[in-house]
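Protein sequences appear in the order of chains A and B.
Residues in the first sequence are numbered from 1 upward in steps of one, following this note's numbering.
Residues in the second sequence are numbered from 1001 upward in steps of one, following this note's numbering.
Derived by calculation from the structure, the hints in this document are not laboratory data.
Some clues are possibly wrong.
To be verified - For lysine-lysine, the following DSS-like pairs were computed, each having C-alpha atoms within a straight-line distance of at most 25 Å:
#1 Lys54/A <-> Lys1040/B
#2 Lys54/A <-> Lys1045/B
#3 Lys1045/B <-> Lys81/A
So the chains spell out like this:
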Amino acid sequence: MGALTKKRERLEVIFDILKIISFNHNSIKPTPLLRQSNLSSSSFFQYYDDLLQKELVREIIDQNGSKYITLTDKGFRYLEKYTLILGFIREFEL
Amino acid sequence: MINQHLDPFNFGIDIAFTLVMFLFFVLIYIKTREIYSLSKHRGVKYFRDAFLFFGLSYVLRFALSLVLLLEEVDFSFLYQVFFSSLILCLGYFSTISIFYLIFSLCWKSFDNRLFIRSGHLFALALSILSVVLHSHLLILLSQFVLIVVVTIIDLLRTTRQRKISQTRTLYVLVSVLWLINLLVIGRIRHLHSLISTFGEIISLLVVVIIYMRITKWAR
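Looking at chain B on its own, in the form it has when it is part of the complex:
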């Protein structure tokens, strides 16, 4: 049974938002294909992969949102497998997309392979734990802590260099807005539709800005 709070109009906005976000993330991945193909630059690789995974995460977010709108929780085996797979993939893809954004900025400063493996392991562990706890909130909390820690470290670095980067601000916004969009799903989205829609508009704006900046260089 579908939840009584489901508003078809808000549902329509959610579908449209997911599709447009996915489209822009995929366009970013496609637009940067030649730059990577020619340069084989690792930073470009991580940049592209981050946005591709974000696109997938938004689709999975929408799928999770649909599941959470069910009036009664179904304890059938098939439902449990589906719900667990959703949480697993959502947790992994969304966490690794944030990590890849971080990798793209600092891959030169760290022992690459160790850092990347650690990121994948952390994302996988987080996803598995979320499946065990049967909730996406652990994903939300962990990603929030990750973003805060990385942002503070980066701010301390840039303050010393007296340089505030617009690009890094955009990256932080993409990540934070992802968290907000992940929080306001399911029933919460339909109960607080004005806040949700506002967040979605800002998210779209940020992604469009990034896309427009890419098109300057990727013709």
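In isolation and in its complexed conformation, chain A is listed as follows:
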């Protein structure tokens, strides 16, 4: 049961991170995102790498060389479908 709770939290953490990006006009620097995510820096960067790998977010470098994080279309779909994903996982006890 502990492992089940942990996995559901993982999806929730991803949702929270994506929501923060979305609320910041879909453009936020890594440091403020880390601050707002309420995660330790090691956990945050693990999730961050995961999000990049799953193409839920992407990095944009502006003309000043500053890095910003934005949602991809897939990231937006994740936010939209999050409740349905959780419901499905719960319904089929996955």
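Please build the complex by placing chain B on the supplied structure of chain A, with the hints as guidance.
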């Protein structure tokens, strides 16, 4: 030569049943594609793969049923290769589909990779042995034992938690009905058509129920 017990009407029902079951299993796989694509949730992966393999198993079951309807066994090399390949694939896909259903429920509780590898090895070993014995009955028996053991373990767990799951009941039904459908093939199907048709209707009902529950979440 085709067996004299072949009834065209029952044969037609068997084809229709196989096609509809395959269609629903594939629809389940397709409908859950986005959920998996977005979440990359392992339980969802195993769930999808289980139903895809069940769909393939039903097609192979029908192919085996056709072969068993032959009046005389053909000992030609080509026939032997075809029959053996059929048994091998049927044994592997059907056993691994049951394992994937089990994985989808308990992947968090076990060392994943070891458990999954063991499942694949068991399915492969069972298939090879069935080819050697030239019979699908070993597949049937082994899967029956697997389902009984897993169901008993799960029942003991849920009794302690005082919780009976509708979803797990559906999973057990899908697996048990698969076994029944695998048993009543070939000549047996045509000799006991009423029982076979009843089993097929229940199987369809269960798969449709699962599909309808999925469509609630997978829009």
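Those earlier numbered hints the structure runs against, lowest number first: none
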